[in-house]
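For the sequence shown, the positions run 1 to 433 when the numbering used here is used.
Accuracy of the hints is not assured; some may be wrong.
Restricting the straight-line Cα-Cα distance to at most 30 Å, the calculated cross-link-like pairs of lysine-lysine (DSS-like) are [to be verified]:
| # | residue 1 | residue 2 |
| --- | --- | --- |
| 1 | K115 | K100 |
| 2 | K92 | K321 |
| 3 | K92 | K129 |
| 4 | K338 | K316 |
| 5 | K104 | K414 |
| 6 | K329 | K46 |
| 7 | K338 | K46 |
| 8 | K37 | K212 |
| 9 | K415 | K329 |
| 10 | K92 | K104 |
| 11 | K85 | K37 |
| 12 | K37 | K329 |
| 13 | K100 | K37 |
| 14 | K30 | K212 |
| 15 | K92 | K30 |
| 16 | K104 | K85 |
| 17 | K115 | K54 |
| 18 | K129 | K329 |
| 19 | K46 | K415 |
| 20 | K89 | K129 |
| 21 | K92 | K329 |
| 22 | K89 | K100 |
| 23 | K295 | K100 |
| 24 | K115 | K321 |
| 25 | K329 | K104 |
| 26 | K329 | K54 |
| 27 | K129 | K243 |
| 28 | K129 | K46 |
| 29 | K46 | K30 |
| 30 | K46 | K100 |
| 31 | K295 | K212 |
| 32 | K415 | K321 |
| 33 | K321 | K338 |
| 34 | K104 | K37 |
| 35 | K243 | K115 |
| 36 | K54 | K295 |
| 37 | K115 | K104 |
| 38 | K30 | K115 |
If you are wondering where the hints come from, they were derived from the structure by calculation, not from laboratory data.
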Amino acid sequence: MGICTNQQTAPMDEKISIKSFSDIPEVLVKSANYEIKQFSNIHSEKPIYILKNKTLGSFLLLNEYDYFIWESIDGINTISDIYLKFLAKYEKLPYEYIFKFIQKICYANLIANYKCENIEGKKSILEIKVPIPFFSRFMFFCYQIFGRFLYNWVFLVVYGLIVSAGILTFFTTLNQAINLSGMSSYLYAFLACIVPVVIHEVAHAFTCLHYKRTIYDSGFMFYMFMPAFYVNTSDIWMEDRRKRFMVSLAGPMSDVFMGSLFALVYAYYIQSPYIYLISCMSFARGLFNLNPLLKWDGYYCLMDILDIYNLSSLSKNFIFKIYPQRIHKSKTFALSQKEMLLLIYGVFSQLFFIYFISVLIANTFGMFVNIYYGKPVTFTASLIISIILLATLLLNLLKYFIEKMMVFWKIILKKAVETVAKAFKILKIVIFF
């Protein structure tokens with residue numbers, strides 16, 4: 001069944017084809033079509049900047065050193081001048097670092113007097129996009145016609161009334177049965193997602209446009225092997241975290257609205273199982289998209305609430321690399337506030353990812369069994385596969401932590417033995433005297 005995803009593509013590093021400085025001009029000239037903004041991040045001690053190519057809609061994340069190099073590129077300073085300025089300011093001269101940064105900005109087409117061919121990075125099979133060129137322009141047209149009138153207190157009051165009445169109505173009709181079976185049940189479920197999915201993406205797009213940002217692309221995609229629609233709202237990275245949060249939240253809010261609206265239609269106008277199914281799917285999708293453990297709307301909302309950029313990657317790096325190395329080297333389990341957040345999020349997100357994949361596989365298997373044999377085994381299969389996968393993971397984690405705890409307790413025991421030995425020596429001296 002379809003899902004939807006608010007694609008806020010984070011600024012990333014890219015691979016490019018420049019081999020040496022001999023390939024590029026001695027004096028670099030910035031492209032005029034760029035925008036740069038300091039990124040708010042309360043957990044970062046040093047400033048972070050986002051550099052945007054307005055034409056391509058591509059983004060680069062800059063640290064303090066990158067920003068200094070970028071500001072030094074003024075059409076007058078040569079590359080040698082930039083080296084000397086960097087050396088004078090930071091008292092070090094990282095040749096490779098400066099070279100790689102210039103590679104990145106050349107690849108991003110941010111240098112006016114040099115163009116380079118890029119080497120495409122690896123594409124994930126978990127995320128395959130098929131852009132629809134006209135869809136972004138169509139959403140902008142719709143926003144200009146009627147979408148801009150939705151962002152006022154009048155619509156907010158109407159939204160609150162419909163959602164309140166719709167949720168109450170939905171729970172009063174919750175015991176209604178949807179008599180669908182076989183292939184028709186999956187077909188109806190898929191069709192029930194179409195309207196809410198489109199509205200969901202339009203909500204993301206309208207909110208992004210409301211904050212005067214650009215929708216660079218949108219279309220159809222396969223995410224986690226499931227069909228989905230997407231809207232690229234990455235341009236909202238150039239705004240503060242409150243606006244980013246609202247763009248992410250707009251999609252689930254539209255799901256709740258659609259679920260409430262169809263619940264009212266079902267209760268008072270059309271008693272159709274299809275209408276009721278749309279209401280159920282809308283509410284379910286709204287809750288599902290708010291799940292912060294996968295990189296959907298809830299993840300970006302949580303990232304803005306915590307104000308931790310790239311939360312998922314940081315948490316994975318912390319629990320699989322940084323924290324184990326620290327325990328091994330310094331034998332300490334102490335954590336800062338940010339590290340505690342990364343540890344908690346990383347552990348829960350990894351556990352949920354394994355659970356999600358196992359249920360997805362089991363449900364797919366159960367769907368085919370149900371279609372061909374008429375035997376619903378989805379729940380049983382998903383439960384068995386989930387238990388096996390989670391048990392395997394938990395056993396490995398348990399083994400890992402037992403090994404680390406054994407090292408820790410060996411150190412404690414060794415210190416305790418040394419302390420007791422010293423105490424006996426002191427006692428022996430006292431008794432002797």
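The hints, checked one at a time:
Taking the CA atoms of K115 and K100, the gap is about 15 Å. The hint holds against a cut of 30 Å. Taking the CA atoms of K92 and K321, the gap is near 28 Å; set against the 30 Å cutoff, the hint holds. Proposed proximity of K92 and K129 is contradicted: the alpha carbons are some 43 Å apart, above 30 Å. Note on K338 and K316: the hinted pairing holds, with a Cα-Cα distance of about 14 Å set against a maximum of 30 Å.
This hinted pair does not check out: K104 and K414 have alpha carbons roughly 51 Å apart, beyond 30 Å. Taken as a hint, the K329 and K46 pair is honoured in the structure, with Cα atoms around 26 Å apart against an allowance of 30 Å. A distance of roughly 15 Å separates the Cα atoms of K338 and K46; the hinted pair therefore holds under the 30 Å criterion. Between K37 and K212 the alpha-carbon distance is near 15 Å, which keeps this suggested pair within the 30 Å criterion.
For the suggested pair K415 and K329, the alpha carbons sit about 17 Å apart, so the restraint of at most 30 Å is met. Under the criterion of a C-alpha separation no larger than 30 Å, the hint pairing K92 with K104 is consistent with the structure, at around 21 Å. With a CA separation close to 23 Å, the supplied pair K85 and K37 stays within the 30 Å bound. A hinted pair counts as satisfied when its Cα atoms are at most 30 Å apart, and K37 with K329 does not qualify at roughly 38 Å.
Our distance criterion of 30 Å between C-alpha atoms is met by K100 and K37, whose separation comes to about 21 Å. Proposed proximity of K30 and K212 is supported: the alpha carbons are some 24 Å apart, at most 30 Å. Annotation: proposed proximity of K92 to K30 holds, straight-line Cα distance about 25 Å (limit 30 Å). Distance check on the hinted pair: K104 and K85 sit about 20 Å apart at the alpha-carbon level, within 30 Å; holds.
Of the pairs offered as hints, the one joining K115 and K54 holds, with about 16 Å between alpha carbons and a cut-off of 30 Å not exceeded. Of the supplied pair hints, the one linking K129 and K329 is violated, its CA atoms being roughly 43 Å apart against a limit of 30 Å. The hinted pair formed by K46 and K415 fails the criterion: a straight-line CA distance of about 39 Å is larger than 30 Å. As the CA atoms of K89 and K129 are separated by approximately 44 Å, the hinted pair breaks the 30 Å bound.
A C-alpha spacing of about 28 Å is found between K92 and K329, which places the hinted pair at or below 30 Å, so the restraint holds. This hinted pair checks out: K89 and K100 have alpha carbons roughly 19 Å apart, not beyond 30 Å. At roughly 29 Å between alpha-carbon atoms, K295 and K100 fall within 30 Å of each other, so this suggested pair holds. This hinted pair does not check out: K115 and K321 have alpha carbons roughly 37 Å apart, beyond 30 Å.
Distance hint between K329 and K104 is unfulfilled; the C-alpha atoms sit about 35 Å from each other, more than 30 Å. Between K329 and K54, the direct Cα distance comes to roughly 46 Å. Violation of the 30 Å bound is thereby established for this hinted pair. A threshold of 30 Å between alpha carbons decides the hint, and for K129 with K243 the separation of about 26 Å falls inside it, so the pair holds. Between K129 and K46, the direct Cα distance comes to roughly 35 Å. Violation of the 30 Å bound is thereby established for this hinted pair.
Restraint check for K46 and K30: the C-alpha separation of about 25 Å stays at or below 30 Å, so the hint holds. Distance restraint check for K46 and K100: the Cα-Cα separation of roughly 20 Å lies within the 30 Å cut-off, and the hinted pair is therefore satisfied. Distance check on the hinted pair: K295 and K212 sit about 24 Å apart at the alpha-carbon level, within 30 Å; holds. Note on K415 and K321: the hinted pairing holds, with a Cα-Cα distance of about 28 Å set against a maximum of 30 Å.
Between K321 and K338 the CA atoms are separated by roughly 16 Å; this keeps the pair inside 30 Å, and the hint holds. Between K104 and K37, the direct Cα distance comes to roughly 18 Å. Compliance with the 30 Å bound is thereby established for this hinted pair. A C-alpha spacing of about 34 Å is found between K243 and K115, which places the hinted pair above 30 Å, so the restraint is violated. Our distance criterion of 30 Å between C-alpha atoms is met by K54 and K295, whose separation comes to about 25 Å.
A C-alpha spacing of about 12 Å is found between K115 and K104, which places the hinted pair at or below 30 Å, so the restraint holds. At most 30 Å may separate the alpha-carbon atoms for a hinted pair to count; K30 and K115 meet this at roughly 12 Å.
Violated hints, in rising order: 3, 5, 12, 18, 19, 20, 24, 25, 26, 28, 35; the structure is consistent with all others.
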